[in-house]
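Participant: Now for the letters of each chain:
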Amino acid sequence: MLPLWRFRTVSDELKRLIDLLSTPAFSNSVRVGILLSLLYLDRITFTDLLKTLDLPKSTLFTHLQVLQDEGLILMKKGLTLDGPRTFIVLTDKGKELINQYLTLVKRLNEH
Amino acid sequence: MEKRNLVRESEEIAWKIIRRKFRLTLARYYLLWSTLPIIFSLIYSVIPYSSDLYYVVTPVVYVPYFLFTTVLFRRAYNVYRRLVLSGSERSISRSGKVDWFSLEFALITLIYVIAFGLIYYGVATSTVVFTIVGGVIFGVMLLWGFMSAIRLTGRLRYYDVVAVITLFFTIVALFIPFSNVNLLIYYAFSLSWIFAGYASFMEVQNSE
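Residue numbers (the working numbering), protein chains in the order written: chain F, 1 to 111; chain W, 1 to 208.
Mixed in with the good hints there might be a few duds.
Some but not every residue of chain W turned toward chain F, in silico, with C-beta under 7 Å [claimed, not checked]:
| no. | residue |
| --- | --- |
| 1 | Glu2 |
| 2 | Arg4 |
| 3 | Ser10 |
| 4 | Ile13 |
| 5 | Ala14 |
| 6 | Lys16 |
| 7 | Ile18 |
| 8 | Arg28 |
| 9 | Ile47 |
| 10 | Val136 |
| 11 | Ile137 |
| 12 | Val140 |
| 13 | Arg157 |
None of these hints come from the bench; they were simulated from the model. We treat Cβ as the ideally placed atom computed from N, Cα and C, and that holds for glycine.
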């Protein structure tokens, strides 16, 4: 059984995680998955995401639009060996929030 | 419960994206190195074996291969370091922070260069011990890097196994006197790595 002060901490962290998961960016597993992968891959192309996630183009674009509107990602055009592509990168705010999410999940996993 | 599912599903999605990127990296790596024996056979058909020019051209040919490999694997190693070496292979949410990965990567590159230098010095001066030591270091490092990359793709495929086997024989062939057997091994390496590259690309395409 957790001591009262630990129970409060866990309860606060759980509340913070639930609050975070209630925001438009974090309320959907595809969007969180994209943010998590971006944290590790640094950047990814729209085409790569489209091929991996097996979603209609418009659906994926909507997910990315939500993340961009929240200021968590940036979409920019660039050239690759396969031709012009749209690159998706995390913003500083995106990095901060996804790290915050990971910390909260990690702490709650430990309890 | 719903939130817990969201956390789990998002992790699965992230892994799916990461694994696809790794298989693509591996496909490029296979195709890149598959060309090496072909390039060498073209060069050696013009330059006589054991001539002065042979010792100058051989290391120069390796340079773009190592450069491309470094570019391909630097980012992959970064991800590997964060996810696997931190003991969080199965859970992104439990991963640790990255420290010193650039330094480690530089150290690994330096070990490759030293190993290659030993092989080259051993061959150039006919000092077998240098060639063997360099070859063993080179082989172990190559296999380690290679197995690490395969590990992050999620599943070991039969074409990965074939590629590892032909890589092993290619390294062994460096230590035996040049004959048609070596040629056969080098061509087997080229063909199996072309196939592994193609199959890896196909795997990525079919996972759409």
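Participant: If a hint holds in the structure, say so; if it does not, say that too.
Facilitator: Do the hints match the structure? See the list:
1. Of the supplied interface hints, the one on glutamate 2 (chain W) is violated, with its beta-carbon coming no nearer than about 9 Å to a beta-carbon of chain F, more than 7 Å.
2. With a least beta-carbon distance of about 10 Å to chain F, the hint placing arginine 4 (chain W) at the interface is violated under the 7 Å criterion.
3. Against a cut-off of 7 Å between C-beta atoms, the interface hint on serine 10 (chain W) holds, since the closest Cβ of chain F lies about 3 Å away.
4. Taking 7 Å as the C-beta contact cut-off toward chain F, the hint placing isoleucine 13 (chain W) at the interface holds, the least distance being around 3 Å.
5. Taking 7 Å as the C-beta contact cut-off toward chain F, the hint placing alanine 14 (chain W) at the interface holds, the least distance being around 4 Å.
6. Hint status for lysine 16 (chain W): holds, given a least beta-carbon distance of 6 Å to chain F, under 7 Å.
7. This hint holds: isoleucine 18 (chain W) has a C-beta 6 Å from the nearest C-beta of chain F, less than the 7 Å allowed.
8. Interface restraint check: arginine 28 (chain W) against chain F, minimum CB-CB distance 10 Å, threshold 7 Å, status violated.
9. With a cut of 7 Å, the hint placing isoleucine 47 (chain W) at the interface with chain F is violated, because the nearest CB-to-CB distance is about 30 Å.
10. Annotation: interface hint on valine 136 (chain W) violated; nearest CB of chain F at approximately 33 Å, more than 7 Å.
11. Among the interface hints, the one on isoleucine 137 (chain W) is violated; its C-beta lies about 29 Å from the nearest C-beta in chain F, farther than the 7 Å criterion.
12. Interface hint at valine 140 (chain W): violated, since its Cβ lies 27 Å from the closest Cβ of chain F, which is beyond the 7 Å cut-off.
13. Contact between arginine 157 (chain W) and chain F, as hinted, is not supported at the beta carbon level, the nearest pair being about 18 Å apart and thus beyond 7 Å.
This entry does not satisfy hints 1, 2, 8, 9, 10, 11, 12 and 13, going by the numbered hints stated previously.
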